[in-house]
Structure formats: structure tokens, C-alpha cells
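Go ahead and model the full structure; you've got the sequences and the hints to work with.
Number of protein chains: 2
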Amino acid sequence: MDRYDNAHIVLLHHPVYNKRGDVVTTAVTNLDLHDIARIGKTYGAKHFYIVTPLDVQRKFVDRILSHWREGYGAEYNPQRKDAFDIVAVRSSLGKVCHEIEINGTGKVRVVATSAAVSEKATTFRSLRSIMQREGGDTILLFGTGWGLAKEVLDQADFILEPIKGTTSYNHLSVRSAVAITMDRLFGIRDR
Amino acid sequence: MDRYDNAHIVLLHHPVYNKRGDVVTTAVTNLDLHDIARIGKTYGAKHFYIVTPLDVQRKFVDRILSHWREGYGAEYNPQRKDAFDIVAVRSSLGKVCHEIEINGTGKVRVVATSAAVSEKATTFRSLRSIMQREGGDTILLFGTGWGLAKEVLDQADFILEPIKGTTSYNHLSVRSAVAITMDRLFGIRDR
Chain B
1 MDRYDNAHIV LLHHPVYNKR GDVVTTAVTN LDLHDIARIG KTYGAKHFYI
51 VTPLDVQRKF VDRILSHWRE GYGAEYNPQR KDAFDIVAVR SSLGKVCHEI
101 EINGTGKVRV VATSAAVSEK ATTFRSLRSI MQREGGDTIL LFGTGWGLAK
151 EVLDQADFIL EPIKGTTSYN HLSVRSAVAI TMDRLFGIRD R
Chain C
1001 MDRYDNAHIV LLHHPVYNKR GDVVTTAVTN LDLHDIARIG KTYGAKHFYI
1051 VTPLDVQRKF VDRILSHWRE GYGAEYNPQR KDAFDIVAVR SSLGKVCHEI
1101 EINGTGKVRV VATSAAVSEK ATTFRSLRSI MQREGGDTIL LFGTGWGLAK
1151 EVLDQADFIL EPIKGTTSYN HLSVRSAVAI TMDRLFGIRD R
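Sequences listed follow chains B and C, in order.
So in this note's numbering the end of the first sequence lands on 191, straight run, no missing numbers.
So in this note's numbering the end of the second sequence lands on 1191, straight run, no missing numbers.
Note that these hints are calculated values from the structure, not bench results.
Heads up, a few of these hints could be off.
As the list claims (entries may be wrong) - Residues on chain B that point at chain C, a partial pick, calculated with CB under 10 Å:
#1 ILE39
#2 GLY44
#3 ARG80
#4 TYR169
#5 ARG184
Said to hold, decoys possible - Taking lysine-lysine pairs in the DSSO-like style, the calculated list, with each CA pair at most 30 Å apart, reads:
#6 B:LYS164 to C:LYS1164
#7 C:LYS1019 to B:LYS46
#8 C:LYS1046 to B:LYS19
#9 B:LYS59 to B:LYS95
Using N, Cα and C, we set each Cβ at its ideal position, and we do this for glycine too.
In C-alpha cells form, the structure reads like this:
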């Protein structure tokens, strides 16, 4: 596989905003796991990291993973088992970055996503060409709740442009945002 | 808005296959409603039709819709109210087609989606250019469960090519498939 494909999806549950703009820790949802694991697998992501500082939440994810990887679920639905191969749970973004730096191809770029328009934003096209040209690992950061906290955006190497549809409505679920982002960056299409 | 944007998303709960290949009626899931309504709204779909022959299921959807359109949900999350504006519940695909024919722009093309490779498949690019050239209404049919029954595929005017990622894994959730399909057909991008 092309080195440009060294992508790691990270779903952050802290620090993110709630509806009122406070920095909070959101709950992990079962469906994010299933949908995003399948998207990651489809587009060749190396990992799908679920990041939460809450021990009890990490245990919850571990229980789901073992059901689908080793339990009855693995027999019932082998395709889901395959998708869950790429899933890992970590307590912080720092730990994820460190792990990828140690095991990876050297350079690690952190790309934050946001539904907000930003002057610093990088287009899908230019991120794709940077990845193709420079290789290395790419961490694609997605926020739950009302989006990634400012400190995460500030520390990222790139902020990806928001997904534009054909209307001014920009309230996609994080699952849909991951699907469209992966397709725009890695999808093979004839146009 | 351009006439090419007269798209109607249809999520079919019957006739679809189950895991064993039997034709069944699947249950409506709350999350399909939320995610796909938001996708439809983002990409300017005229409607998102939920189709199920089961009266009790249609009532279930109506309850959810009225919570978010008129109930506490409308006040709590106005963006969700906006997305639910495009949602409608019908008992059969025939009724949806008839309704669009009567209210629409004349020509109605029915486009089925499938994860299976088919010789008859139309590419995303060519469907996009057909819509732009010919105008009219486009019904985009998505199956729940293990996909649309053969009789639905046989009656469609077009079968859209499967979504290809960068791997041979092709088990996206229907929510992800709708997100990527709408982005490929209607998304505005700079490449």
C-alpha cells in the first residue's frame, strides 16, 4: 500500500465543547464505534483510536470490542470483526501521537477537523497532495459533542476545511463527517 | 437552486434482504433518521422518505418527528428541527414515486444503490452528468438490512456503482453510504 495511506482516525471525547461552549468529556457511543470502524476499514486507515480520559468508558469500549472480536459477535458477523481489528482505545491524544511516532514512518502530521470556517484551513485537495508528496503518518482528528476544543485546534499542524454541501446547513453527525472526509482524501473515483 | 438538485433520498425497510438472503421488513432505527436527515439537509435533498409497510413503525417515526419538529426537541435543537423538515414517512416505494411524479418536475428517475458489483452499474460521474443534462427528479434508493431486494434493483432506471474505498472491504453502514453518495453526487469540491 502507498505510504500516503498511513492514516489514523482519532475520535476525541475530551477536550470537546458542549452545546453551551464549555469544555467537557462526552460519552462514547456504541454506534460511533461500529460506523467509524467500518469506514476506516473501507478506506484503509491503519487505526481508529477512541480517546477518552475516563477509565470506565475505556472499559465499556473494551467490552464491546471483545464481543465482536472474540465473542459471539465474531462468529455472527466476521466482517464486523475485521473492522474492529483497527480499533484501539487510549486515554489521551498525547499518548496516541507518541505511539504513532514510535511505530510509524517518522513524520507525523496532526490534522484537526472543524465545521467552522477558518482562515488557516487547508483544502482537501491540498492535504491530499501534501500526504502524497511527503508520505509519513497522518492523524485525522474528529471531535464529538459540539466539536474540538480550541487548544486542540491550536496545536494541530493543519485544520481541514469544513465539509460544504450545497446548502448553508452544516450540522452533520461526526459519523457522516468521517465518512465524507475519508472518501474525499482517500476514495478512488473517476472524476 | 439548480434543477439538478431535485434529489429525494429513500430509505427502504421492505423489500430488503436479511443476512440469510430472505426478503424481510427491517425495523426503523432512530439513528438512521437523525443522521440521514442531516445529510439530506446538507446536500439540499428535497425529501428524505422513510418507507415501511408497518403501520406501527410509521407511528414510531411520527412520534420522533413531532418531538423534534414541535416538541421540546425543536426548542432544544433548532438545527435538528430544520433537518427534520425534509423527512416524510410512506408505506411503499410506489407511493413515493407517485407523489414525486405528481408534484415534481416531470421526469422521475429511480436510482438504486448496491454494494454488489453489477454490469449494469452507472458511475457516479455519469449519473451526475445525466442529472445536470436532463434535469427532473432523482430518487436515490438505499436499502436497510443486507440490501435492496432484486425486484427493486430490477425495476430501477439505474443502479449506481458500489462505493469503492482503497481496500476490498465493502461493509459500510447505510448512513455512511448515504453520506458518501450525496457528497459524490452533489458536493462542491475543488478537485
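Original post:
Taking each numbered hint in turn, which are not upheld by the structure, reported in ascending numerical order?
Top reply: none
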